[in-house]
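Working from the sequences, and respecting the hints, build out all of it.
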Amino acid sequence: MPEPIVIENLSKYYNKFLAVDSLSLSVTENSNVGLLGPNGAGKSTTLKIMCGLIRASSGTVYIDGISVSEKPVQALSRIGAIIETPEFYTYLTPEETLSYLGRLRGMNGDELRQRIAEVIRLVRLEEWSAVRIEKFSRGMKQRLALAQTLLHDPPVLILDEPALGLDPRGVVEFRELIEEVGREKTVFFASHQLVEVAQICEEVAIIDRGHLLAYDKITQLEEKYQSLESAYLQLTGEVL
Amino acid sequence: MSEFEKLRVVTGYEFLKHIRRRRLYIILGLTILVEAAVLIAVPLLMEEGYPDNVMVMAAMLSIGPSLATIGAVFFAGDAIAGEFEGKTGFILFTNPVRRITLVTGKYLAGLAAVALLIVLGYVIVSISLLIIYGTVPVETAKSFGLCLLYGGSVLSVTFFFSSISKGAMGATVITLVFIMVVSAIVDSILIMADKPHWFLLSTNGDSIATVYGGYELFLEGFPMAGMNIPSQWFKSPDISLMIVSMIIYLVVGFVLSVWISRRRQLA
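Read top to bottom, the protein sequences are chains F and C. For the first sequence, the positions run 1 to 240 when the numbering used here is used. For the second sequence, the positions run 1 to 267 when the numbering used here is used.
To be clear, the hints were calculated from the coordinates, so they are not data collected in a lab. Do not take every clue at face value.
What the hints assert, rightly or not - Think about it this way: if two alpha-carbon atoms lie no more than 20 Å apart in a straight line, the pair counts; the simulated EDC-like pairs of lysine to aspartate or glutamate are:
| # | chain 1 | residue 1 | chain 2 | residue 2 |
| --- | --- | --- | --- | --- |
| 1 | C | K87 | F | E84 |
| 2 | C | K166 | F | E84 |
| 3 | C | K87 | F | E202 |
As the list claims (entries may be wrong) - Residues of chain F placed beyond 10 Å of chain C at every Cβ, according to the derived structure:
| # | residue |
| --- | --- |
| 4 | G52 |
| 5 | G59 |
| 6 | P86 |
| 7 | E173 |
| 8 | A198 |
| 9 | E223 |
| 10 | L235 |
| 11 | T236 |
What the hints assert, rightly or not - Computed far set for chain C versus chain F, every beta-carbon distance over 12 Å:
| # | residue |
| --- | --- |
| 12 | V10 |
| 13 | Y13 |
| 14 | L16 |
| 15 | I19 |
| 16 | V42 |
| 17 | V54 |
| 18 | G82 |
| 19 | G86 |
| 20 | G89 |
| 21 | I91 |
| 22 | L92 |
| 23 | P96 |
| 24 | V97 |
| 25 | K195 |
| 26 | I247 |
| 27 | L266 |
Predicted model only: the values in this text are computed from it and were never measured. We put the beta carbon where it would ideally sit given N, CA and C, even for glycine.
Structure follows, in structure tokens:
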């Protein structure tokens, strides 16, 4: 069985700027991996390539052994993703949005209706499920974004700063939720929040200027650098 | 799940978008307003009431459905550019759907919305002609077909500009300038120079009215007696050439928009 996420020698140029530089790593099944790095480190670029939103200049990403660049439809059917701060069609309600996305993924009928109700309950949007999204706050949209990642019960979750815009209670609920679903899924999770990553993930990949600086278990990094924070600061050269 | 089934889903939800947006109803209102204005103004301006020739009145009433085709620009301006500008692409494009399916679904939904306006426009035209003249000329069906084709070609051109524009507003403005300013100016210059102009999108739009009998007949409806109008103004391009031109705009615009959308990255 192939590893759920394999990144092989991935590079991405934006004109002459090298955003990701020969990045290679693989994520084992059902593990939760945090992708850490300062602004401009290449985290979002990596995640966007993984989701087929941008093309790599070289290298390949495999999801469950399927190349994202060669077979994007098959690869994307295995993931649920939140990239940046996504927006939704304001003329639809959460129920309609999830129905649209679910139907695009081949779900329908009672199965879809039940699943929509489940994920809406999971992200606590029950009272807003029939209200048009134009009235939604950033945090509510982020909850809906999380609901759509879980809708089709994908084996791989790719999350880019998913707690952005959530209020403190929302952040805590989100962590608990990801911790729970992460037991049965592979989660690849980019964040600036070391605490958040430490709570959700067992392993972290630290990148800067597109380079992979470390990819190890958090406990190993804590042993070597005393804390995850020290490891991050020393490796990224952001020593205070 | 087949791409055809996904296409049906995309088309359905995109059509829902048009139905729920105000712009459909604004353009519908404008179409009804224009038709009402023609029906009220013509007998007031012409001493003998409505023209004797039903074809003249039918040609004049075709202004309403022609206006509805411009709705295509407002329906399609944000179709592709909006996904990038509004960040909705971060949700839509991470789904296992090919870009060609998404663009085609959006196109079909836009076409359905424009067709809805055109159908309503021709219902008004037909009822008006029936009440005033007791007959609806067969050319009305041809005008309807040409109007649909023109709407489709305007939609394709808008999709092309939407695929290359950063923003929806930019795509809408560029398309309107292309059709109503650039194409219209070149059209006027070529008419004055007595050169062929059947390949211009603005000229193609005239076919909706000239199918009833050419520019001369159409202008009969306007009070222009005594005006010294150059003869080349009355030369209507061959309808079949204009059909070919509209099909080319429709196909090329759509194919280019799909090709560009597939290559476009959501950085």
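Evaluation of the provided hints:
no.: 1; hint: C:K87 with F:E84; in the structure: holds (9 Å)
no.: 2; hint: C:K166 with F:E84; in the structure: holds (18 Å)
no.: 3; hint: C:K87 with F:E202; in the structure: violated (31 Å)
no.: 4; hint: G52; in the structure: violated (7 Å)
no.: 5; hint: G59; in the structure: holds (16 Å)
no.: 6; hint: P86; in the structure: violated (4 Å)
no.: 7; hint: E173; in the structure: holds (21 Å)
no.: 8; hint: A198; in the structure: holds (26 Å)
no.: 9; hint: E223; in the structure: holds (37 Å)
no.: 10; hint: L235; in the structure: holds (26 Å)
no.: 11; hint: T236; in the structure: holds (23 Å)
no.: 12; hint: V10; in the structure: violated (7 Å)
no.: 13; hint: Y13; in the structure: violated (5 Å)
no.: 14; hint: L16; in the structure: violated (7 Å)
no.: 15; hint: I19; in the structure: violated (9 Å)
no.: 16; hint: V42; in the structure: holds (39 Å)
no.: 17; hint: V54; in the structure: holds (42 Å)
no.: 18; hint: G82; in the structure: violated (9 Å)
no.: 19; hint: G86; in the structure: violated (5 Å)
no.: 20; hint: G89; in the structure: violated (7 Å)
no.: 21; hint: I91; in the structure: violated (5 Å)
no.: 22; hint: L92; in the structure: violated (8 Å)
no.: 23; hint: P96; in the structure: violated (4 Å)
no.: 24; hint: V97; in the structure: violated (5 Å)
no.: 25; hint: K195; in the structure: holds (43 Å)
no.: 26; hint: I247; in the structure: holds (31 Å)
no.: 27; hint: L266; in the structure: violated (4 Å)
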